[in-house]
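In the order they appear, the protein sequences are chains X and R. First residue of the first sequence? That's 1 in the working numbering, and the numbers climb one at a time after it. First residue of the second sequence? That's 1 in the working numbering, and the numbers climb one at a time after it.
It should be emphasised that the hints constitute simulated quantities derived from the structure, not laboratory data. Cβ atoms here follow ideal geometry from the backbone N, Cα and C, with glycine treated the same way. There may be inaccurate statements among the hints.
[Unchecked claim] One-sided and incomplete, this derived list gives chain X residues near chain R with beta-carbon spacing under 10 Å:
id	residue
1	F101
2	G198
3	K252
[Said to hold, decoys possible] Here's a subset of chain X near chain R, in silico, CB distances under 8 Å, partners left out:
id	residue
4	Y105
5	A139
6	Q155
7	E177
8	L182
9	C186
10	M214
11	M218
12	L221
13	V239
14	T248
15	I250
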Amino acid sequence: MSGGFHIVVCGSLVPDPLQTLEPITGPGGPALKNEMMLPSVLDPWAAHALYEAAHLAKKAAGSKVWLVSLGPKAKLQQLMMSLAQKVPFELVALDGPAGGFADSYEVAAVLAQAIEGIAGLDRSRLLLFGGCASASRDAGVTMQMIGERLGVADQFLAVDELTVQDDGSLRVMERIEGGRYLVSVCAGPPAVLAWATGHLPEPPNSPQVGMMNMRAIMPALQKAKPVKVGAEGIAFVNVELPQQRRETRIVKDAPVEEIAREIVAWIRG
Amino acid sequence: MEKILYLTHTQQDDTLSKAAREALNAAVDLSKGLAGSTLTVGLVGEDVQAAANAIAGCGAAAFFGVAGAEFAVSRYGSDAAAAEALAKAAGATLILAPATSRLSRALPGVAQRLQGRIDTHVTGILTEGGNLHIQRWYYRQRMMATLTRSHRPWLLLVDPAVFDPWQGQPGSVSVQAVAASLPEGGTRTHVVGVEGASTDAQTIRPDAKLLFVAGAGWTKKQADGQTHVKEAEALILGFLEKTQASLGSSKSLVDQSSEGQEVISFLSHLNQVGQTGATPRHPKGLATCCHGEEPHVVGWRFINERRAVNTDPNCGWARGKADVLYVADAFKVIAKVNELLAEG
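Chain X with its partners taken away, still in its complex shape (with noise of 0.2 Å):
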């Protein structure tokens, strides 16, 4: 594309998903236990979005990623530190709440607003990316309601693939039911592309990329504006932990025979 794509991810931080969360009932509704402690990543699927942007802006001249992150100041710091030297981007920061208990219609409005005030953006540019469901609230809605907010009608979901082709037109490849893909083509942005995990490896950490993204992420940081989230109008009754723990019959130097002849017995069963 002539002048290349200004691209904006939308991402924050969720717990490492290899934490253990517990549930509370905080003075605003749902809480996770010990939250601000927890250590965080990059939102798997807007991690894709992220590495796939940058892939797609080294690849059409003039383009430029920024991301849009909602969370404590604090933390997304924290984040920052190793995100940055992933991949060049600008960061676009809002402080507040990053938990999954907030509802998505609030946050698709302060992170539409915050895309708005970008100086700078074009929007006959724009490609919207973000991941297809966060690992926090789930519920895989947050781009097509920032789409609208922004008036982009060609929006995709659980993206894995997206190609610009000679004549400028996008050929995008999302996931449907049964392990297949939906193909289709739009003639240019702006489009949303709610991304799942694409085809791209975690980039290695560069110093450079790193020393580069720092110089704008603590002054981006510093000016985060301050926005309220929450749940307005939804009332939990509660939050649960499944009961999960089941007593497992461990099976231990029995013939692979017998091991088979179980298992066969109990497909079949």
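Using the hints, position chain R against chain X.
Chain R alone, transformed into the frame defined by chain X:
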């Protein structure tokens, strides 16, 4: 009084999918549970009459339809326009729809257009005392919430395989045609078609009775100090062929393809279950060579009967999460299982 709209799309053959009939059952039950509520049906597709006739006996007070060639395909612009028009025609306060890929993409934007609110991955609908509460999971199936909302319209995307499919008498109904105009730019997207994953074998079968999960152990060095990836492929494919199981994989195994390691050729990210993959619903699941804990628990949340084959008796994933853990070499076990299955 709630005005409930059951909203769905037809398939290519103008019928309703299993997921669509499950959501209809949920909508019918909801209507019965909320005194004074009314149920209407909204259908989107190339031709919706046959689908409407097929569910004529569901008790809906009215049937609305947006039909035409441009609404036959799965595309955000046309789907959102159709759903918005149907919601407005029905004056809906509650909108129930199946969580198909098509509606999961379109309805959040429709909620925004209607100034409504939306909840997805709905796995329970409760109407005790005449009040609507839903159940849905947070943090990728790691905790479940029961909640309600005061805001209307409230859109609900119902997860598949939670409710039984609606079954009832077909008939002949009058479908009220609703006009849905595509927004400017709404046809900038052209649907090319559907493709399988870029692997040789079709290994994902959502309706299978058994989920077979292959872990990274299949590609690790075995007792002889060598890897046996081709042998692993043959064993796994043989098992899938004989059992018609669906194939899942751990993240670590799928990621190997992008890390330059020798990989199982027919695995893609679409096979991945867990924290950043799918959470499929199957009656039974057999895990082989899987390690790790919490992410696997997430992927297996909706598997009823679980067994695992693993060389580590203390595997944190299997103990307490599986019903039976066979401490054995999966290569040998699956080879023998295949042999027994072949004998019939």
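Hint check results:
Because the beta carbon of F101 of chain X sits about 7 Å from the nearest beta carbon in chain R, less than 10 Å, this interface hint is met. About 8 Å separates the beta-carbon of G198 of chain X from the nearest beta-carbon of chain R, less than 10 Å, and the hint is met. Because the closest C-beta pair between K252 of chain X and chain R is about 4 Å apart, less than 10 Å, the hint holds. Residue-level restraint check for Y105 of chain X holds (minimum Cβ-Cβ distance to chain R is 6 Å; threshold 8 Å).
Below 8 Å, beta-carbon pairs count as interface contacts, and A139 of chain X has one with chain R at about 5 Å; its hint therefore holds. Taken as an interface hint, Q155 of chain X checks out: its beta carbon lies about 4 Å from the nearest beta carbon of chain R, inside 8 Å. Annotation: interface hint on E177 of chain X holds; nearest CB of chain R at approximately 6 Å, less than 8 Å. Contact between L182 of chain X and chain R, as hinted, is supported at the beta carbon level, the nearest pair being about 6 Å apart and thus within 8 Å.
Because the beta carbon of C186 of chain X sits about 5 Å from the nearest beta carbon in chain R, less than 8 Å, this interface hint is met. At a threshold of 8 Å, the smallest CB-CB gap from M214 of chain X to chain R is about 27 Å, leaving the interface hint violated. Given the 8 Å rule on beta carbons, the hint for M218 of chain X is violated: about 30 Å separates it from the nearest Cβ of chain R. Nearest Cβ of chain R to the Cβ of L221 of chain X: about 26 Å, over the 8 Å cut. The hint is violated.
At about 4 Å, the closest approach between the beta carbon of V239 of chain X and any beta carbon in chain R falls short of 8 Å, and the interface hint on this residue holds. Interface restraint check: T248 of chain X against chain R, minimum CB-CB distance 5 Å, threshold 8 Å, status holds. Contact between I250 of chain X and chain R, as hinted, is supported at the beta carbon level, the nearest pair being about 5 Å apart and thus within 8 Å.
When held up to the earlier numbered hints, the structure conflicts with 10, 11 and 12 and fits the remainder.
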